[in-house]
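Chains as they are written, first to last, in my numbering: chain X, -16 to 108; chain B, 186 to 686; chain A, 22 to 154; chain U, 16 to 777.
Keep in mind that the hints were calculated from the coordinates and are not lab data. Don't take every hint at face value.
Unchecked claim - Example chain X residues on the side facing chain B (calculated, C-beta under 8 Å, incomplete):
1. A(-14)
2. L(-13)
3. L(-10)
4. F18
5. V22
6. P41
7. G43
8. A50
9. L59
10. L70
11. F73
12. L77
13. R80
14. G81
15. T87
Here a beta-carbon is modelled for each residue, glycine too, at the ideal position from N, C-alpha and C.
The lines below spell out each chain.
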Amino acid sequence: MEALLALLIGALVAASVYLMLSRHVVRFLFGLVLFSNAVNVLLLTAGRVRWGAPPLVPEGLEVPLEAVANPLPQALILTAIVIGFGLLAFALVLSVRGVDALGTADLDAMRAAEPRADAAAKEPR
Amino acid sequence: MKTWLIAPIAIPLATATLLVLGFSTPRRQHAVAFAGTLALAVAAIALLLGVEREGILVVQAGGWAAPFGITLVADHLGAAMVMVTAVIGLATVVFAAGEVDEPRMRFGFAPLVQVLLAGVCGAFLTGDVFNLYVWFEVMLIASFALLAIGGGREQLDGALKYVALNLISTLLFLSGAGLLYGMAGSLNMADLHQRLPALGQPGLIAAVAVLFLLAFGIKAALFPVFSWLPASYHTPPVAVSALFAGLLTKVGVYALIRFFTIIFPREQIGLDGVLVVVAALTMVTGVLGAAAQSEFRRILGFHIVSQVGYMVMGLALGSPLALAGAIFYTLHHIIVKANLFLLSGISKRLSGSFELARSGGLYTRAPFVAVLFLIPAFSLAGFPPLSGFWAKLLLVQAALELAQWWVVAALVVVGLLTVYSMTKIWAEAFWKAHPDGDAAWREPLAGRERVLLLGPVIALALITVWIGLWPAPLFELARAAAAELLDPTAYVAAVLGGGTP
Amino acid sequence: MSSLILSTAARLLVALLLLFSIFVMLRGHNEPGGGFIGGLIAATGFALYVMAEGAGAVRAVLRIDPRKVAGLGLACALAAGLIGVAAGETFLRGLWIELPSGKVGTPLLFDLGVYLVVLGGVVALVLALEEQR
Amino acid sequence: MAADPHDAPASRAARLSTGVGIALALAAVVAVGRAQAGLLSGSSRLVAWTWFPDLGPSLAFHLDGLSALFVLLIGGIGALVLLYSSRYLHAHPDVVRGQIFLTLFMLSMLGLVLADDVILLFVFWELTTITSYLLIGFENEKPGARRAALQALLVTCSGGLALLVGLLLLAHVGGSFRISEWDVGVFTAHPFYPAILILVLLGAFTKSAQIPFHFWLPNAMAAPTPVSAYLHSATMVKAGVYLLARLQPTLGGTDAWFYTLTVVGAATALWGSLQALRQTDLKLALAQTTVMGLGILVLFLGSNSALAAKAAVTFLIVHALYKSALFLVVGIIDHASGTRDVTLLGGLGRAMPRTALAAGVAALSMAGLPPLLGFIGKELAYESALALAGWPFLLVTVLVLSNALVFAVALLVAYQPFWGPPPDPPRTLHPAPFAMLLGPLLIAGLGLAFGLAPSFTGHVLIEPAVSAVRGLPSPVSLSLWHGWNAPLALSLVTIVLGLGIYRLRAPLVAATGAIAARLPWTGDRAYDATLVGLQTLARIQTAVLQGGSLRGYLATSFATIVVAIGGVLAVHRAFAWPTGGESVPPTAWAVAVLILAGTAVASVTGSRLAAIAALGVVGVGVSLLFLIFSAPDVAMTQLMVETLFVVIASVALLRLPALRGPELRSRAGRTRDAALGLAVGSVVATLLLAVLTVPLDPMLGDWFVRQSVVEGHGRNVVNVILVDFRALDTLGEITVVAVAAMAAYALLKLAPPATRPKGDRR
């Protein structure tokens, strides 16, 4: 089971890298979203998956009767998902503003901070 | 005493919350931010003194014993880093009050700085891998915001590159945390220190270690993944650049030092050679990059890369002296580099441009600023008797003791190239007459602006000189920190309460 | 988009979602749910409302800047942590008191903080995006 | 000329800076002069304070004959130069700055010769480099001055860094950072000796302008004349000589030391004197003879004989005195007539008799004529050269030739401007004030006085220094008259030859000029070529590594991931396939297929909406996966986040340019990116698969499940972890959310960049 998940993660990562290397800023964002998803599944997988009950304690008991899924990876993933959401939303807005300001969605054309002429530094005087 | 351990995280967070909920005028925001940062500095001093007096301090957040809850730990390294964070925080908060424009203030500049400080302090104090990830993210999102808001084309372009590569770093870090948990079943650093060797999987551990090396390497701007830094650090307001230049890459360096001593001790993972080569290439490519630039802040940006190489070289060499040298280097560099960025802002304010070709005349017009520039500039270049000299000396001495001759050569040659690229700024912005002649004359700093802009610069320069003239106390601190890292017995005992649960 | 039916439906839906979100948050300590999910549900409700009625209407209903809601949430969470310190325990120590209806403790205050941050944050984002259009 | 700025009263700051500097200089002279009596017997004084105990360096100072001699020169000449420059720079707006730098330099130099600790010595060594840099660049708005300053800095700094390593090795071998604590016998036989020698000599040769590093010194004449007189003839350039003298007991006495110093010194001496003859700028002529003088000093320090040490120390004094006096004279000429070009000067003697007197006395010493100290120095040099092992004939020839050339230069400097034919029309003169005359007169006079009192000079000044250089008591007695002997004959040859060279100057200059022009490579050109090469390398490297495009940076990062992690996995053969575990239920297969399908569509579609929808499908799929694996909270959160993200993305992305149209990447580019993507994916999957074979200790999870109700008072374990067990994570996390929202809000609301002026980076 875990092997299947590992391969799935590999596929997600591969696709996300392919998208991130695109010249279009939107595709880059899509790649980021996929990568983020892949890492969340990786957390789940690395924490081992198990069929069975979710990590809930039935009412009136102190500990669950049957074996439950490992709750720690779940908590970590939850945190990671929410953080990822914040970061991705920001990246999205930043891209929108960047495209507005720079007048292009082509990543290769976005070089306001590092203009080409800059590479030819002048001799010190 | 232990209450102080949470203070460096709670104080800036509380200050940020206060700033969001009230105090709407920029002046009041500056005042509250200053008060909050001052409180942070007091807490940092108390923490450092506490560590000096009582040794490693530990708080189990929420009262849950390690390794189940999250442990906050202040050892010498963590406390020293928090201290220097507070210093840089104070300097930039004051400088920002004289520099940052009103729209940025309206849109949360002040609380963002506080959140950044909280994130940085959290990263320095946590003893938990996943919690470190969380503080990295806090720091990161605050830095994204500070970098991007209110910016024009350049700033947005720089921010995009910064965000993109840092997000990759962060996802690698998260994957690493997951894999580490998946192998060792723990996230507590002290616990991991004990568990990993017992797994009997040196190859796998090395591979995961490399994953962390990559994640933190991007963060710290190591060769060949440093490009986001020179692409972005020259774009935001100077107070932000200074904060970033001083602290953010150094959090990456800190994490490398922390991980590659306590979690992945060098003798276990056998990556020394790789790390030495990476450090050397970082030093060389960074300084050559600086040599190719002709813009004040871009030169400084590339210098960060080169200097991070020095710090990582200390880690890579790995002897007690080398590690102490790396820590000494980090602490010194935070002060000096932040100061240089602040000075670039003063230079721009007085001469009208960051472009060296478009500036000049400061030596004649602002001799005091010129002196203030020379101190951190020569310190960075490693001239005695300034702090940077000792930092380099410690590493050279360490490399000599280990008979790493070509490392010595690299340390020395890169030092010379640093001198070269640093004097370029001096010759162009300070010595050379301004190309526009008297027409370029900007009004001199006066009144409130003078105090706000020059005050932090003077303070940081004094620290540089003080460390230079009297290096022994800082070195003792660095050595104590290195000793704790190289033999984590005390660290483990303090965190886990003496035994494995 | 502002047809009467949609507008009315949206209002109803928002009210329902808000109620539901509070329910989800409160039961979160014992059943699936909690501050995150609750906050997200509530935010989704507002997002719907924004789409139906426009940003101005939502601002009018909210009265308070959503960013301040988020700030308030952060304040709640911090306060929940600091109560522990004030009581002489460590930061974020959970302190509980027994009430007839069940136990109430600082972790619940903390969860409320999470709820408010998520709600305020997402609504601020949606509003800004909508107002930019 | 009513309002001549030279006649204005000095500002308070200028007077203060001059006064403080002179007071410090005199204090040093007096203090050491009082101690001199004790040093006659060859003893020395030590003081030390702790400084950096953990590493080793201490604030240790050491006064012996050699340091004392240097202190007297530095302080004595320093006081006079400061007085002189207060008038010379009088009208300069930066006079205070100049005086401060000169004083700082003097203090650094004093520290250098007094330091016993090698690190302390290096600190002062570098401080002289820095002050020299600032002083050469004194006329900072002139590009030539800036270039010269940088050149001097880089050349001496590269040597300095070599020296630092050398000193550290010395300390390592000697077991102490204190020179006085070394056992001088252990060094030459140590395996590090060759390395130490090379490194130390690099430091000394760059500082003391030895071939092939000599070129920076003439260029440094861009500095104001008092600076040249002080730093670049009398003191700083002698720091290298001082170092060699100081280390001769430890490092000297070997063939390597002897031949290197002798050959380099001789070559430098010859080259400098040849170059000196060619100059028409008086200052440059003097600068080149300084190169020659430094060569002579290095040459004599090569031998460890008492005679050579005596010759070296005597010539050190001779050179410092006549050279600084003549520099100051040239400054007066420049100040008075507005030029230093010897072809434009003549007949000044009548108008400036006192200057002419100073010049004459100093030049006689330079030419090596009796009864000046220069004569004694030259005689000693010949005597010592004749006694040297090796090839005395060659050395003597070099010495005679150099001295003859210097003789001619002395005539050029001290005769031609004063007594040569006056230019037509005569230049207007501006007489120098007495403060400027005092220095050259006194210093030149000392050269005469020391020559007339040879026993005092030998016994009080030279003997303690020679003893210190040799590391053993070495009695010295000097006399003006040695009787009729070989050195005297050589002196006569020198004079005749010198007069001849002076007469035949024009053709000689032409001849040497022609040779020099054919030289393929000079130090100066090599320096330029090095800098150009460095710039080119830097540019190419930056273009490769920092191309300015995000995609390049991303590709680098991904490739690094593949190489680094893949490499380690391959080296350790850490490949494994997890066995056992749960079987794959059909639902999981279905969800996996769903996710893959969404991924595929998102990767290739040209439509934004389709891509967003596909990503939504992936998100829902992942959410289902969480549900399948018993993570309801995560599943719900994922679902809600996905929904919100789709909403936000639709709103935001519709404002961006369409995806449709030609894919911007070329086909080859796509193939390459796909390959890179596959590689990264494989590495991640491989790593994960290997990790999954390590059995997981479920201790943490089990503990949380057990404690959730008991300690956390909640039945949803995940939630209890989030708000209690690991609430600190959550605190950070909600901070991220709050800040992200604030930041996005600010980005969207804050003034659009179009309304901001272009290029504004604030």
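Hint check:
1. Checking A(-14) (chain X) against chain B: minimum C-beta separation of about 14 Å lies over 8 Å; hint violated.
2. Proximity of L(-13) (chain X) to chain B is violated relative to the hint, the smallest CB-CB distance being about 16 Å (cut-off 8 Å).
3. The criterion of a C-beta within 8 Å of any C-beta in chain B is not met by L(-10) (chain X), whose closest approach is roughly 16 Å, and the hint is violated.
4. Evaluation of the F18 (chain X) hint against chain B yields a held restraint, the C-beta minimum of about 6 Å falling below 8 Å.
5. Because the closest C-beta pair between V22 (chain X) and chain B is about 5 Å apart, less than 8 Å, the hint holds.
6. Here the hint on P41 (chain X) is broken, as its CB sits about 23 Å from the closest CB of chain B, past 8 Å.
7. The beta carbon of G43 (chain X) comes no nearer than 24 Å to any beta carbon in chain B, farther than 8 Å, and the hint placing it at the interface is violated.
8. A cut of 8 Å between beta carbons decides the hint on A50 (chain X): the least distance to chain B is about 16 Å, and the hint is violated.
9. For L59 (chain X), the interface hint holds, the least distance from its beta-carbon to any beta-carbon of chain B being 6 Å, beneath 8 Å.
10. Given hint, L70 (chain X) at the interface with chain B, holds; its Cβ is 6 Å from that chain's nearest Cβ, closer than 8 Å.
11. Given the 8 Å rule on beta carbons, the hint for F73 (chain X) holds: about 6 Å separates it from the nearest Cβ of chain B.
12. With a least beta-carbon distance of about 6 Å to chain B, the hint placing L77 (chain X) at the interface is held under the 8 Å criterion.
13. Given the 8 Å rule on beta carbons, the hint for R80 (chain X) holds: about 6 Å separates it from the nearest Cβ of chain B.
14. Interface hint status for G81 (chain X): upheld, as the beta-carbon distance to the closest one in chain B is roughly 4 Å, under 8 Å.
15. Because the beta carbon of T87 (chain X) sits about 10 Å from the nearest beta carbon in chain B, more than 8 Å, this interface hint is broken.
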